[in-house]
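For reference, the chains in residue letters:
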Amino acid sequence: RSGEMATKLTQLIDNEVFWAYATYTTIVLLKMMLMSLITAYFRITRKAFANPEDTASFGKGESAKKYLRTDADVERVRRGHLNDLENIVPFLGIGLLYALSGPELSTALLHFRIFAGARILHTFAYLIPLPQPSRGLSWAAGYVVTILMAYKVLKTTLYL
Amino acid sequence: RSGEMATKLTQLIDNEVFWAYATYTTIVLLKMMLMSLITAYFRITRKAFANPEDTASFGKGESAKKYLRTDADVERVRRGHLNDLENIVPFLGIGLLYALSGPELSTALLHFRIFAGARILHTFAYLIPLPQPSRGLSWAAGYVVTILMAYKVLKTTLYL
Amino acid sequence: RSGEMATKLTQLIDNEVFWAYATYTTIVLLKMMLMSLITAYFRITRKAFANPEDTASFGKGESAKKYLRTDADVERVRRGHLNDLENIVPFLGIGLLYALSGPELSTALLHFRIFAGARILHTFAYLIPLPQPSRGLSWAAGYVVTILMAYKVLKTTLYL
Chain X
1 RSGEMATKLT QLIDNEVFWA YATYTTIVLL KMMLMSLITA YFRITRKAFA
51 NPEDTASFGK GESAKKYLRT DADVERVRRG HLNDLENIVP FLGIGLLYAL
101 SGPELSTALL HFRIFAGARI LHTFAYLIPL PQPSRGLSWA AGYVVTILMA
151 YKVLKTTLYL
Chain H
1 RSGEMATKLT QLIDNEVFWA YATYTTIVLL KMMLMSLITA YFRITRKAFA
51 NPEDTASFGK GESAKKYLRT DADVERVRRG HLNDLENIVP FLGIGLLYAL
101 SGPELSTALL HFRIFAGARI LHTFAYLIPL PQPSRGLSWA AGYVVTILMA
151 YKVLKTTLYL
Chain F
1 RSGEMATKLT QLIDNEVFWA YATYTTIVLL KMMLMSLITA YFRITRKAFA
51 NPEDTASFGK GESAKKYLRT DADVERVRRG HLNDLENIVP FLGIGLLYAL
101 SGPELSTALL HFRIFAGARI LHTFAYLIPL PQPSRGLSWA AGYVVTILMA
151 YKVLKTTLYL
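One line per chain: the protein sequences are X, H and F, in this order.
Oh and the first sequence: position 159 is 159 in UniProt numbering, straight run, nothing missing.
Oh and the second sequence: position 13 is 13 in UniProt numbering, straight run, nothing missing.
Oh and the third sequence: position 6 is 6 in UniProt numbering, straight run, nothing missing.
Don't take every hint at face value.
It does not matter which identical chain is meant; a pair holds if it fits inside one copy or across any two.
[Said to hold, decoys possible] In silico DSS-like pairs for lysine-lysine, Cα to Cα no more than 30 Å straight-line: (1) K65 with K47; (2) K31 with K60; (3) K31 with K152; (4) K66 with K152; (5) K47 with K66; (6) K155 with K65.
In short, the hints are calculated from the structure, not lab data.
Let the hints inform the model, and build the full structure from the sequences given.
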């Protein structure tokens, strides 16, 4: 019974723009989730932790306490992760509303592809790191695409 | 073909509450995105950066290294930005589900307007800054509205 | 008129998987919002604030300035809050797309319940704190469930 309903809903949302949104949103969210693993990798290899309970395996007292510290590489990944949150959250919301606002498929795909590509480039630019303005430009590309989608949403749906 | 489908989906979601949600969500997300530009403005004017590659244009070695520092104004904008994330993410999710839970249009508009107004006031209160409890009250208004919408969602849809 | 439309839309999304998603998403977002209150509680009881205007009630000048400081308990809650953002934002997006991708109700419920349970356990493990690997395992459970849902979304909808 639930299977039927689900099928019906799926047919209903049998909309190529919506599924393009689904694909690119899933990709950028998975990319963002990867930052957690990279942070964990650097915390373990650099032995730089934020919580006393995380250093318990290194012994007790002073011997473990020295691993409660910040590390430049860990902080770099964390800044990249926060930048992802700041930029992917707007895409999540505005992109969904944009996909439902009836854009042309080719136009929508162009927006989604530029956004996803820009965020992937941004991560490489941040983590390698590449010299500026690599990171700045990749950030700006994703930002501008989101603004353009927001404009389309407001033009279509403005209801104050 | 895609155009037709998109039109069909748009008609389907020809729901005033949904489009009110779309409008106010886009507004608060754009407001949140503005925090990135304000952070960049303060980083550049206060010369306070987080990444060595961002200071490369100020020369090499020690002359550039002194710009790798925190600045009170930059940190203030960043706290405002994080507070936006912490409060707008719940609105994004709970607001969407609330819009789909069949509220009265006038009630829904009241919730969305208070939330958007509260977050805009919160930003002014944080950045000027205004004396407390300005920031506290504007934060609380958005928080309470989100809780009220969550209650309506759970009352309508509770499915554990 | 709006009421009718809303009813129609509600019937349309008369999908058990979708409402299960709505319920669990609302629960985890409310849980995340609770972190703001816990942060405020520790800031007030530990007298550890981030903004000068927050300490104005303690007097002027040096007597208030000493409360502008970080506190281990406050920072711990803030790390838990940020970890929520990093993990609940992917669930918000991927979970919605997963719910619309036509999964079996029982399978979907299993995913949503494990995710919500894992995030609640994670909060207890972080705030008490429990010895590791409690926090690590609860984090990993939510992470893996989100990856599995993303895989189902991409398998159903891949549209590059």
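Against which earlier hints does the structure fall short, listed by number upward? Structure breaks hints 2, 4 and 6.
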